[in-house]
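Q: Position chains B and C against the provided structure of chain A, taking the given hints into account.
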Amino acid sequence: MLSVMLKMTPQQSEPDPQFILENMFEAVMDNIFLLVLVTLLSVVQNVFFALKVEKECTGQHSKPHSAAFERLSCANRNCMDTYPTFLAVLWCAGICLSQAPAAFAGIIYLVVRQKYFVGYLGQTCQSTPGFLFGKRILFFLSLMCAVGIINHLMLSYCGSDYKEYIQTITKAASALLLLP
Amino acid sequence: MLSVMLKMTPQQSEPDPQFILENMFEAVMDNIFLLVLVTLLSVVQNVFFALKVEKECTGQHSKPHSAAFERLSCANRNCMDTYPTFLAVLWCAGICLSQAPAAFAGIIYLVVRQKYFVGYLGQTCQSTPGFLFGKRILFFLSLMCAVGIINHLMLSYCGSDYKEYIQTITKAASALLLLP
Amino acid sequence: MLSVMLKMTPQQSEPDPQFILENMFEAVMDNIFLLVLVTLLSVVQNVFFALKVEKECTGQHSKPHSAAFERLSCANRNCMDTYPTFLAVLWCAGICLSQAPAAFAGIIYLVVRQKYFVGYLGQTCQSTPGFLFGKRILFFLSLMCAVGIINHLMLSYCGSDYKEYIQTITKAASALLLLP
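Protein chains in written order, with our numbering: chain A, 98 to 277; chain B, 98 to 277; chain C, 98 to 277.
Derived by calculation from the structure, the hints in this document are not laboratory data. Check before you lean on any hint, since a few could be wrong.
Because identical chains share one entry, a pair is satisfied inside a single copy or across any pair of copies.
Pairs of lysine to aspartate or glutamate residues, derived as DMTMM-like cross-links and limited to a Cα-Cα distance of at most 20 Å, are as follows [claimed, not checked]: (1) Lys232 to Glu151; (2) Lys232 to Glu153; (3) Lys268 to Glu167; (4) Lys268 to Asp127; (5) Lys152 to Asp258.
Extracted from the complex, chain A is given alone in its bound form (with noise of 0.2 Å):
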């Protein structure tokens, strides 16, 4: 019994590292793969302003800069402009605090997106060039983001975990983005 014992503990002792490396791989993607996919929905919807703009510009070759495509142009620069800042804090907020809420705030960014240019193209001067769209999705997740590294600098120097409350808080305060 005990050469049983000794020939089964080292087995069970010592988990196999290629084991929980891919345990951990899929782990990791448990925790992001929401992310990727409004990352991946963000690019498509890229993909089709830059088309837009790049229609209307061989389209109308012999006035190369009509007052659509300076529109187009506009609004393309703009939405590209805080494409980097909303990257930002889309991943920053769902790796430090939860994914979910973070992914749904970043999808109805994209819809808030997709209404900005569209109606962009519908207005007659160049007065909206800033951050017009999308400043609340954008501050709740920049608060996720603050409220993740609170809460990590306290569970390490004050060892209280009030991550689970937070998290469900903030599911609930997700649902408020939808709010017009």
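A: Same frame as chain A, now just chains B and C:
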């Protein structure tokens, strides 16, 4: 002999968390170092583009808006506009599926971008503001992302893992990007 | 006594995967929370820049393309153009080598960018469209990336690990960025 075992088993049975974390860090680096390399190369290229624009701008201080400067500035802006999109799909594809084909596609994208930038300077009109370069590569990387997510979902809900097959196919398919 | 051991060893020998994953998450957060903090600060700064542009734009609705608006818009665009590059090297350097010097360099970059933005508004011509700010910091972060990759390759193929020495040197070198 029992006492030996008693002394021995705890050592083996409780794997040092520090050791696991060290291993984890190594595993993470193993899975991303090619992506980091491509990112670094793209940053060097960005700086090269920016220095070109800067040199043109300060060199022709008397004529601030010459045609050559306009073209350089426009080429640089088009490259910068698609840069976050490229980085996002590169990293998502590399993390979700496999880093080697993603990094290979990334390097081809950098070559295509260099050609685009140099070719743009010889043109006479601003007729190429959109995504005219690297569409095929971005599509390939997006496809890798999507396949990675689908594979993860199938693994989670159906329990079937085709990852190794997919990785082999992806590696073979990435060679097709070399076709002109 | 044997039965005790038999009951005891499996518990100790198979470490709870959930526990390892929890630990893993904590370790990941430990290694990135400074980077997340710097990213959050940079996002706040981006929003500040965008609000400045927006205010200038809507405030002077009668004169849509005044010189002040042109300068603000150009300064904002230059900052936004280099933002993805900055984020990419910041995160790569922080993950590959050590987060504290990377985050420190990131904060200095944000200060330099603020100075650049404010200084740009006082200028009379658009003579600074390129990478005129933070070149030294981007170079430092790129160097950290490269050293991290080289160290990883040496560890994989030669088995020699100089990481601790490199991290100490990097921390000391990051203080040099404070030199004017």
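Q: Hint by hint, note whether the structure agrees.
A: Cross-check of the supplied hints:
When the C-alpha separation of Lys232 and Glu151 is checked against a cutoff of 20 Å, the pair qualifies only between copies, where the shortest distance is 13 Å, while the shortest distance within a copy is 28 Å. Taking the closest pair of Cα atoms, Lys232 and Glu153 come within 20 Å of each other only across two copies (18 Å); inside a single copy the shortest separation is 29 Å, beyond that limit. Neither within a single protomer nor between protomers do Lys268 and Glu167 lie at most 20 Å apart by alpha-carbon distance, with minima of 40 Å and 42 Å respectively. In this assembly of identical chains, Lys268 and Asp127 lie within 20 Å of each other by CA distance solely inside one copy; the values are 17 Å within and 24 Å between copies.
Neither within a single protomer nor between protomers do Lys152 and Asp258 lie at most 20 Å apart by alpha-carbon distance, with minima of 53 Å and 41 Å respectively.
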